[in-house]
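Colleague: What follows is each chain in one-letter form.
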Amino acid sequence: MADEPRIIRKLTGNFLEDFRPGQVFRHKGGKTLTEGLFATFTEFAMTSNPLAKNARYARTTGFEGLVSPPGLTMLVAFSQTVEDVSENARANLEYIDMRFGAPLYVGDTVEVETKVLNVRPSSSRPNLGIVHVQSTARKNIGASDEAVIMTWQRKVQVYKRDPDAQLHPGEVEPDAIDCPLWLPPYDEKADYGSLAHLSSRDSYFEDFEPDTLIEHSRGRTMTSEHIHLTAVLDNTSQVHCNQYMIDLNPKQYVGGELIIFGGIPFVLCLGLSCPNVGDNAVGDLIYRTGRHTAPLFAGDTVFAATEILDKHDLVEREDLGVIETRLHGHKFVRAKEGDDPDPEAPEGWRKVPIFELDRDVVVKRRSHYG
Amino acid sequence: MADEPRIIRKLTGNFLEDFRPGQVFRHKGGKTLTEGLFATFTEFAMTSNPLAKNARYARTTGFEGLVSPPGLTMLVAFSQTVEDVSENARANLEYIDMRFGAPLYVGDTVEVETKVLNVRPSSSRPNLGIVHVQSTARKNIGASDEAVIMTWQRKVQVYKRDPDAQLHPGEVEPDAIDCPLWLPPYDEKADYGSLAHLSSRDSYFEDFEPDTLIEHSRGRTMTSEHIHLTAVLDNTSQVHCNQYMIDLNPKQYVGGELIIFGGIPFVLCLGLSCPNVGDNAVGDLIYRTGRHTAPLFAGDTVFAATEILDKHDLVEREDLGVIETRLHGHKFVRAKEGDDPDPEAPEGWRKVPIFELDRDVVVKRRSHYG
Amino acid sequence: MADEPRIIRKLTGNFLEDFRPGQVFRHKGGKTLTEGLFATFTEFAMTSNPLAKNARYARTTGFEGLVSPPGLTMLVAFSQTVEDVSENARANLEYIDMRFGAPLYVGDTVEVETKVLNVRPSSSRPNLGIVHVQSTARKNIGASDEAVIMTWQRKVQVYKRDPDAQLHPGEVEPDAIDCPLWLPPYDEKADYGSLAHLSSRDSYFEDFEPDTLIEHSRGRTMTSEHIHLTAVLDNTSQVHCNQYMIDLNPKQYVGGELIIFGGIPFVLCLGLSCPNVGDNAVGDLIYRTGRHTAPLFAGDTVFAATEILDKHDLVEREDLGVIETRLHGHKFVRAKEGDDPDPEAPEGWRKVPIFELDRDVVVKRRSHYG
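Chains as they are written, first to last, in my numbering: chain A, 1 to 370; chain B, 371 to 740; chain C, 741 to 1110.
Simulated from the structure, these hints should not be mistaken for laboratory data.
Beta carbons are placed, not taken as given, at the ideal position from N, Cα and C, and that holds for glycine.
Just so you know, not all the hints are guaranteed correct.
When the alpha-carbon atoms are kept at most 27 Å apart in a straight line, the in silico DSSO-like pairs for lysine-lysine are as follows [unchecked claim]:
| # | chain 1 | residue 1 | chain 2 | residue 2 |
| --- | --- | --- | --- | --- |
| 1 | A | Lys351 | C | Lys1051 |
| 2 | B | Lys621 | A | Lys10 |
| 3 | A | Lys311 | C | Lys750 |
| 4 | B | Lys721 | A | Lys10 |
| 5 | A | Lys311 | A | Lys251 |
| 6 | B | Lys559 | B | Lys706 |
| 7 | C | Lys1051 | B | Lys380 |
| 8 | B | Lys621 | C | Lys1076 |
With the C-beta cut set under 8 Å, the calculated list includes, among others, these residues of chain B facing chain A [what the hints assert, rightly or not]:
| # | residue |
| --- | --- |
| 9 | Thr410 |
| 10 | Lys423 |
| 11 | Ala425 |
| 12 | Arg426 |
| 13 | Leu463 |
| 14 | Asn497 |
| 15 | Leu498 |
| 16 | Ser569 |
| 17 | Thr582 |
| 18 | Glu585 |
| 19 | Ser587 |
| 20 | Gly589 |
| 21 | Thr591 |
| 22 | Glu595 |
| 23 | Glu677 |
| 24 | Gly740 |
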């Protein structure tokens, strides 16, 4: 070309002033769950429920085949919303009323839409504010098995493009989304007992006692693998994968380095808790609220614990019950000189809570499956 | 064994003096595209065209299912040629007349053959020279859907085994390979509009203007993941995965460290440009020429930009058009003391072009699909 | 909760004093082989046998489709035993009488059980001892193609929970497990020759000469990818993935850093040897004995060599033969000041053997397949 070409700088994602209450995003892409994605994400997190690992077990239990664990369903659905909602976010603040519906299988195609409920400025930082949205994920749109697989709200802290821009006012009520958790029917003739050795022996409904805290024994160190994992999910947020952007202006970013996508510790905590809490679960009913309390970086080792808050029967299903839990994630960092000793950590270390999730799980009763 | 065994040192790959113009390699292995490979490579590069992500979208568009994006097809086909052609290469110099034919689907099996066109010594370095080859990839040989999926030439700089060896003389013309790009037929009754929200709104044929340069907004930092990615592709070149070999003699190797397989930045640049250039593409027609202009190492962040050179109609397909583009990849490195300021980079940094590809893409018209 | 909850510290895995000779573990989980797992593990190790890469080749050879290479079968089966047998192990000491049976395909579900044969204290270290077990892996239990795919013994060094605990006495004989290697029938009408270019030309039965040592040319550097790979296999042993545990007490752990799961170098050595020894194999018959002779860490580059010990005919199969081999793995480390020069390593380096496996392989004869 003789002359210099005209330059077009493409920006992706929305900034705070772009969001309008009532606005609906029908997110781009959509995602068919392949066996590749299934294997990568089910297992990096040490998920141990055989429904997600053993097709014979899953079919005998009443599912069509290997079942996507709730953490993978959440990662796939959530990530579809990132470009429109949080590509330019600083942090995800809260998960609210996250509910699961139809099971997700390999071969299913997920598409997601999001409604903006509310946009608020930050009181202290003029270049930031909070967007409150409601998202719903459906599978196999147009096919006979079309169904809602998940719906949730979240609040996310988003940068402004222009610190002086006005925000769109208004507040919209969340829609009432019908998203009943699908449960496999109980078959009196099935030989469930012949499968019982494949899941842990001490995680039936009868085993959980309110007012206990179960400390899960395993830890898992995250590496720079998080960059690849995040890309494979279609999560395009640059704070997870663009080291150059961080290097240019480290102080603007949490921790001054690439931050691990919150979906990763979310799913890792679910996985680490699985042998003790999730091995005999048939589905996660609701995450009432959840939040990240500290960032996670490559090199950190993640641990988890589960508080059993309460338990109750499930209407019309005497083979199952619901346990109400609070899932906690934490890591340990080396104490700095002058830090007070931390009674919850070995000498020279501090325990840092990173994640919290109020989680109701539907679990099998030993009386029927054990 | 009582005596010392006889030692056989196996070498793999050919050296410069082994290549004979006219010689044909029917490459070993072959590769069936699994859902594992598909998921890993479609998505690590942030490809956003729904044809490669959403089976509902792909089928409604007229394909059989999820479609391998051109970058993945290229990685699978190209890597099959590495052992015979470039296992002992120093660098890949040029891609020429790279054309795509039939679509590649999960479950298809790819096999490749290569003809040597020409072998030339280096004028300045007695232990190196250039091999010029033509390769063709077919799928499902012997089955009813056997087809050419890709054909290309490349020039590659290869080491000699013996610096004094004579090279095979001669020059062979490339074969005329029939490799027409398969395009899904346009169906007047299909409801394409119901899918339009799944791809970007500003990447239809009507949107591209010659003499513009589109700067893609995202960057992607590469990690040591490249070693695994390269192995999974069957690319056996030791400069990508054998740190000990580099450590023994760092000066012999570009950059003195493991160099990332050129197919990785090739595909990453295609992926980074996808939201703006490839979201509404139905296929890549031809890469007339392409080259790597600087090496990529673990830790580098890759960016891309696309020049729109020209656009034209496609015979007998008024629903589609062709855009002629030049894809540029670049990275930023920290400036050294004494470097002149770089007007294209922030203070303290230099912009380094890493890749260039002349690329004709067949894209949808908004008039028919928007 | 008003009061502090009762804390339950879950431990996973057994300690030395928990094992009872004669005890049988029916391991939890089970694992369906997905295309994701298949792609990741077949190819990270540079396996080159087309049976594991090219479905057309595999079917023409007489298999149902892509065949899991012996290394992947071993990783999947072995990992199922980790939680019960070696989650609290210090090191795996020996593989014994490891035999392969039915082929493993994508979609098959593997379940494993293990019998404890013997438990012995360490003579020098009161907190350690050795467990000797026998494990058997079956596929598709309850279906028409249920079959034993693998059986093996191993000795593993396990920590005691309490250094003063008494061990369970006794010794149990290993069971006689029927596990014949399945071989594809030879079809006189098949055109095997049309596939011969897809595997290496110099690895037929006729090519192997007893008392030779084949040095395989490739090396492969391992990265922190090992943490992900190990998790994806359901191997939950903390010495592979819990950096914090190591940091708290580095001296307790081999090398004072995360050690790479032994299955990784096992499979990597098989893969590196594949072009020269495994390309024309139809199956691995038996690994009589095998052991890790040094640990592997992230950053190490793995090399392999194969001794041909002997070769013999296979009863009733004149198209095939058996080669008896010893597979050696090694790495190089930088020599320390004062080290004697190592005649097997370049100056400044020492060669460190890491793995050894006595391995009988069934390979094609050129007379029938070449």
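Colleague: Hint by hint, where does the structure go against what was stated? Just the numbers, ascending.
Modeller: 1, 2, 5, 6, 13, 14, 15, 24
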